[in-house]
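Trainee: Residue strings, one per chain:
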Amino acid sequence: SQQGEEDPQALSIQEGENATMNCSYKTSINNLQWYRQNSGRGLVHLILIRSNEREKHSGRLRVTLDTSKKSSSLLITASRAADTASYFCATGYNQGGKLIFGQGTELSVKP
Amino acid sequence: EPEVTQTPSHQVTQMGQEVILRCVPISNHLYFYWYRQILGQKVEFLVSFYNNEISEKSEIFDDQFSVERPDGSNFTLKIRSTKLEDSAMYFCASSPLGGGGTDTQYFGPGTRLTVL
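Residue numbers (my numbering), protein chains in the order written: chain A, 1 to 111; chain B, 1 to 116.
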């Protein structure tokens with residue numbers, strides 16, 4: 001399998017707290033993308049980080065990539081109830097190629 | 001902002017019937033994909049399509065499946081003889097890669113296929 005696991009599988013926090021989700025993979029990648037999925041809905045692209053990048057920011061999102069450990073993390077700062085969703089990492093291995101998705105982390109943000 | 005659209009949003013069919021799922025990728029994108037997500041499971045890659053031909057397919061994408069870009073805008077997934085285990089959410093995605101575009105894959109809202 002090219003993809004490892006995401007952890008935690010589920011995370012419950014209070015509004016205003018930070019949420020950190022981790023993703024691991026097994027083979028060298030070209031890029032890693034994070035997506036959000038609200039229950040039963042489509043996948044919303046959040047951020048893409050390339051294998052030669054270590055950190056990217058987008059609004060309240062911060063993504064890090066450690067290629068030596070084959071892992072990535074997604075940090076959502078100052079979480080809101082609207083952030084409640086499942087979050088997936090997906091790894092890309094070549095330009096234009098398929099994405100391999102992890103199992104996802106189910107985030108619940110309580111008001 | 002341009003979006004990937006998919007129709008229908010929900011398709012119910014009898015086992016053994018043929019279904020066609022339709023997608024309109026974002027207009028200047030060059031790579032097209034189909035993925036599926038069985039309820040409660042992770043998203044799985046089915047097939048990628050570039051320059052009017054399949055560029056990669058997974059083990060799931062057997063002879064029962066086919067894809068087509070019949071005109072300049074639509075991208076379809078056909079399942080010839082549906083099985084109960086084909087019940088899933090099917091997502092279409094497109095990527096602008098090429099001409100300086102990025103690898104980001106933009107997903108449509110999905111078609112929920114229920115096979116009875």
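To be clear, the hints were calculated from the coordinates, so they are not data collected in a lab.
A hint or two may mislead.
[Unchecked claim] Below, simulated DSSO-like cross-link-like pairs (lysine-lysine); rule was C-alpha separation at most 27 Å, straight line: (1) A:K69 to B:K83; (2) B:K57 to A:K70; (3) B:K78 to B:K57; (4) A:K56 to A:K70; (5) A:K56 to A:K69; (6) A:K110 to B:K78; (7) A:K70 to A:K110; (8) B:K42 to B:K57; (9) B:K42 to B:K83; (10) B:K83 to B:K57; (11) A:K26 to B:K78; (12) B:K78 to A:K70; (13) A:K26 to B:K83; (14) A:K56 to B:K57.
Computed from a predicted model, the values in this text were never measured in an experiment.
Trainee: Hint by hint, note whether the structure agrees.
Mentor: Hints, verified against the model:
With a C-alpha separation of about 41 Å, the suggested pairing of K69 of chain A with K83 of chain B is violated against the 27 Å cut-off. Between the alpha carbons of K57 of chain B and K70 of chain A the distance comes to roughly 25 Å, so the proposed pair stays at or under 27 Å and holds. Between K78 of chain B and K57 of chain B the alpha-carbon distance is near 14 Å, which keeps this suggested pair within the 27 Å criterion. Of the pairs offered as hints, the one joining K56 of chain A and K70 of chain A holds, with about 16 Å between alpha carbons and a cut-off of 27 Å not exceeded.
In summary, the hint linking K56 of chain A to K69 of chain A is supported, as the alpha carbons are separated by about 17 Å, within the 27 Å threshold. Simply put, K110 of chain A and K78 of chain B have alpha-carbon atoms about 42 Å apart, too far for the 27 Å limit, and the pair is violated. For a cut-off of 27 Å, the pair hint linking K70 of chain A to K110 of chain A is broken: about 31 Å separates their Cα positions. A hinted pair counts as satisfied when its Cα atoms are at most 27 Å apart, and K42 of chain B with K57 of chain B qualifies at roughly 17 Å.
Distance restraint check for K42 of chain B and K83 of chain B: the Cα-Cα separation of roughly 20 Å lies within the 27 Å cut-off, and the hinted pair is therefore satisfied. Distance check on the hinted pair: K83 of chain B and K57 of chain B sit about 19 Å apart at the alpha-carbon level, within 27 Å; holds. The straight-line distance between the Cα atoms of K26 of chain A and K78 of chain B is roughly 33 Å, outside the 27 Å bound, and the hint therefore fails. Restraint check: the Cα-Cα separation between K78 of chain B and K70 of chain A comes to about 36 Å, which exceeds 27 Å; the hinted pair is violated.
Only pairs whose Cα atoms come within 27 Å are accepted, and K26 of chain A paired with K83 of chain B is rejected, the gap being roughly 32 Å. With a CA separation close to 31 Å, the supplied pair K56 of chain A and K57 of chain B exceeds the 27 Å bound.
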